[in-house]
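Residue numbers (the working numbering), protein chains in the order written: chain G, 1 to 266; chain Z, 1 to 288; chain D, 1 to 355.
Each hint should be verified, as a subset may be incorrect.
[What the hints assert, rightly or not] To spell it out: a stretch of chain D is covered by chain Z in this simulated footprint if at least three of its residues, at any positions, have a beta carbon under 8 Å from a beta carbon of chain Z; those stretches are:
1. 81 to 94
2. 104 to 113
[Claimed, not checked] Straight-line C-alpha distance at most 30 Å; calculated DSSO-like pairs for lysine-lysine:
3. K231(D) / K317(D)
4. K95(Z) / K294(D)
5. K176(D) / K117(D)
6. K159(G) / K207(Z)
I should point out that these hints are in silico values taken from the structure, not numbers from a laboratory. The structure presented is a predicted model; accordingly, all values stated were derived computationally and were not measured. Beta carbons are placed, not taken as given, at the ideal position from N, Cα and C, and that holds for glycine.
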Amino acid sequence: MKNLKWLVPTLYILFLMLPIYWLVSMSFKTTNEILGAFSLWPQEFTLDNYITIFTDPTWYNGYFNSLTYVAMNTLLSVSVALPAAYAFSRYRFLGDKHLFFWLLTNRMAPPAVFALPFFQLYSAVGLFDTTLAVALAHCLFNIPLAVWILEGFMSGIPKELDETAYVDGYSFWRFFIRIFIPTIAAGIGVVMFFTFMFSWVELLLAKTLTSVAAKPIAATMTRTASTAGYELGLLAAAGTLTIIPGAFVIWFVRHHIAKGFALGRV
Amino acid sequence: MIDKTTNQRAWFLVLPVVVLVAFNALIPLMTVVNYSVQETFGNNVFFFEGVRWFEQILHSERFHASLLRQLTFTGIILLIEVPLGVAIALTMPKKGPWVSVCLVLMALPLLIPWNVVGAMWNIFALPDIGLLGQMINGMGFDYNFTQQPLAAWFTTILMDVWHWTSLVVLLAYAGLSSIPDAYYQAARIDGASAWSVFRYIQLPKMKRVLTIAILLRFMDSFMIYTEPFVLTGGGPGNTTTFLSIDLVKIALGQFDLGPAAAMSLIYFLIILVLSWIFYTLMMRNEEQ
Amino acid sequence: MAKITLDQVRHSYLDHPASPDDWALKQLDMVWDDGGAYALLGPSGCGKTTLLNVISGLLRPSEGRVLFNDRDVTDIPSDRRDIAQVFQFPVVYDTMSVFDNLAFPLRNRGVPEEQVKSRVHEIAGMLDLEAVLGNRASGLTADGKQKISLGRGLVRADVNVIMFDEPLTVIDPHLKWQLRSKLKELHQEVGVTMIYVTHDQTEALTFADRVVVMHDGTVVQIGTPVELFDKPRHTFVGHFIGSPGMNLLPCEVIEGAPSFLGHRVETAEAVAVPTGARQLEIGVRPEFIHFAAKGLPVDIVRVDDVGRYRIVRVNHKSHTIKLVVPENVPIPDGKGHLVFDRARTHVYADGWIIT
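Take these sequences, add in the hints, and give me the full structure.
Take a look at the structure:
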């Protein structure tokens with residue numbers, strides 16, 4: 001019984017890897033092979049699908065667009081959430097509890113509800129089809145999340161740290177940037193992981209707010225499926241490439257991931 | 001707990017957050033409220049309609065059907081993902097090099113764009129060229145998720161389990177790793193059975209994180225749109241048309257702004273109320 | 001109830017220990033008598049907790065055997081060794097009531113409910129927990145939670161040994177005294193073997209009949225508090241027990257008598273130096289040194305009055321010696337002469353006593 005314990009996570013991971021394997025294997029197949037006969041691994045190994053993606057600007061620009069707005073959103077969310085989380089963790093002020101709760105309700109808002117009004121709002125302010133629009137729109141759910149997690153991390157840091165620094169003659173911002181931020185570096189890493197994650201995987205808003213110039217990679221893929229016929233190999237290659245940034249980011253935070261979930265008030 | 005000092009100037013620190021979120025939340029919300037009480041025939045001409053759209057939605061069979069589908073789906077995936085996630089977390093290694101390997105591989109599905117998840121499962125489950133489709137048909141079942149409602153449901157649920165169980169695993173694992181060794185040692189000396197250890201040590205210590213996991217899974221599955229849309233397109237027929245898919249169909253497909261807006265508000269309210277009920281129930285349980 | 005024997009026990013947390021430093025427990029051969037009140041004393045990291053876990057079965061020693069009444073229990077798991085252990089930090093089952101917490105070890109062993117009830121009430125009464133028996137354990141203070149942990153350790157009447165791993169760390173000082181005397185009282189009442197781990201010598205000396213002093217993975221001395229004080233087997237014991245610790249002065253042995261920088265020191269017996277000894281030291285406690293008209297000439301550096309006696313620090317050449325002088329005994333001005341109490345002056349070779 002005890003010796004079979006490893007079987008459960010192993011089977012689960014196997015189950016997780018199967019569809020991914022299928023996607024990757026398909027990305028190395030030719031369209032003919034995919035549609036022709038069922039095969040467990042590529043019979044005629046080809047890199048054509050990847051070559052198409054790396055040479056066609058409508059494809060590779062999609063990656064740049066996605067990475068651009070994700071990076072912008074992550075930086076924006078974290079930099080505004082830091083002082084706000086500090087305020088929530090250290091001070092009592094008029095309406096603080098209601099404000100915190102209101103922020104959290106935005107995490108519950110279905111993006112589908114906001115798709116149309118977002119389209120109108122960002123068109124009205126002239127940001128439609130820019131990466132900035134998507135970066136701003138994703139703040140809707142990422143800022144509440146960032147404030148929430150950071151507040152948890154900051155509450156774990158004794159207030160004496162602040163008081164000592166003020167007694168030593170630090171100004172608020174100098175203390176905040178020179179002492180406080182390095183102290184909660186792990187928390188910031190965790191928050192960046194989450195904001196990256198949710199901005200990277202979201203598509204409904206990203207697609208609604210862009211048409212040509214700032215189109216994200218994920219949206220380029222839906223076009224392939226509908227207009228250019230059934231180019232499954234290309235679709236699979238593009239999909240495979242979207243997994244890489246995520247895998248890279250997880251590898252980066254692998255030692256903190258469990259701790260990150262545990263802290264931050266969770 | 002830190003005891004906080006009263007400082008109204010803290011508002012300056014939260015101001016950027018308030019401005020950014022309000023810009024994204026309040027203006028669109030006002031737009032939605034505005035639409036929900038008006039009728040338009042294009043050209044930006046609006047007529048006040050009062051609560052007619054709300055009445056219409058609340059009495060519409062289509063909405064009831066979507067809501068029922070949504071509740072069923074959310075119920076099923078919660079029933080599968082939470083116990084499964086806890087079971088996996090319990091059997092995971094506690095230390096050693098395998099921990100990182102497990103965590104990294106398990107977190108991978110969480111970082112794949114949602115439409116890629118849908119597309120991946122589409123080509124994985126296709127009955128003619130997909131691995132899963134071939135496997136199920138090979139076992140002698142007649143399986144085609146693009147045509148059979150039951151197969152479509154099965155595939156959608158399996159996809160969601162694939163996509164999100166890891167979130168529960170990671171949260172539960174985090175809860176478990178916060179239990180000091182002394183608890184397990186004491187339980188061994190007290191002669192506690194494996195079930196007692198789970199019931200009296202592990203479960204109580206996981207309670208907080210499980211509350212979060214259930215809330216997150218509830219909210220996110222209630223808003224699910226992209227993955228089933230790419231996988232099944234809401235079909236066959238309307239059998240996998242969940243609330244968000246239906247809403248987008250009405251708003252962007254038929255451009256019925258009034259009913260769509262009214263439905264949005266009802267939808268949002270349902271999530272808020274249900275989340276609140278979940279939350280208070282679980283917290284009350286905690287206090288007892 | 002049982003006599004506990006450790007037979008050539010060694011333990012390392014590494015899979016392939018190479019150097020002696022890799023062993024958390026170096027070679028232990030000892031017997032814990034049935035019904036004894038032992039204190040396991042030593043600084044943090046000396047292997048106390050490891051030793052405790054080896055006895056309780058939470059750890060399987062890398063080498064050697066553990067015997068309970070001559071029965072080999074090395075491979076028997078903790079729950080079947082019939083032992084109780086209380087940990088440094090409170091372990092309570094949060095969702096249970098205080099009563100259920102205390103009843104847990106009994107119920108797990110199928111003790112009839114009536115017996116459980118009377119036993120739990122008895123223990124609760126002893127620890128002043130009766131008023132909160134119905135409360136949820138999670139609501140108690142750290143003190144209260146640790147009392148529950150203690151209670152769960154004490155609740156079984158049929159255990160071979162009860163082990164306490166620094167159990168009073170989180171307890172309020174005034175409660176500490178109270179609980180420690182409770183434990184002592186209890187030991188006299190039931191006569192079960194108790195092992196009390198601590199790094200605090202006062203705690204060890206007040207609780208135990210016999211004190212086991214550990215240092216760096218080995219047991220350096222087992223003895224009554226008086227033995228540890230009068231005749232430390234190892235310089236570590238001399239230094240660790242007593243406040244201030246034993247004075248250690250380098251010496252050479254000439255014709256069976258130690259000589260400190262040319263000054264001959266009297267001992268009870270003639271000193272026989274073992275062959276190969278590298279470092280010889282005279283050890284004498286500050287309590288056993290007096291000022292006299294003749295003797296070792298010293299300069300008085302400092303006098304600290306700590307109430308009923310004074311601690312005097314003196315120098316002989318570059319060596320500092322401390323001595324304890326009772327209140328009514330005069331201290332000479334500036335310079336003086338020291339005499340060591342002959343019966344309590346010991347000589348150590350490489351740390352171990354030879355006279």
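Each hint, compared with the structure:
Beta-carbon proximity to chain Z at under 8 Å applies to 9 residues in the region 81 to 94 of chain D; the threshold of 3 is reached and the given coverage holds. Remark: the region 104 to 113 of chain D is confirmed as covered by chain Z, as 4 of its residues place a Cβ nearer than 8 Å to a Cβ of that chain, reaching the required three. With a C-alpha separation of about 27 Å, the suggested pairing of K231(D) with K317(D) holds against the 30 Å cut-off. Under the criterion of a C-alpha separation no larger than 30 Å, the hint pairing K95(Z) with K294(D) is inconsistent with the structure, at around 66 Å.
Pair hint K176(D) plus K117(D) holds up; C-alpha atoms about 27 Å apart against a cutoff of 30 Å. Between K159(G) and K207(Z) the alpha-carbon distance is near 28 Å, which keeps this suggested pair within the 30 Å criterion.
This entry does not satisfy hint 4, going by the numbered hints stated previously; all others are met.
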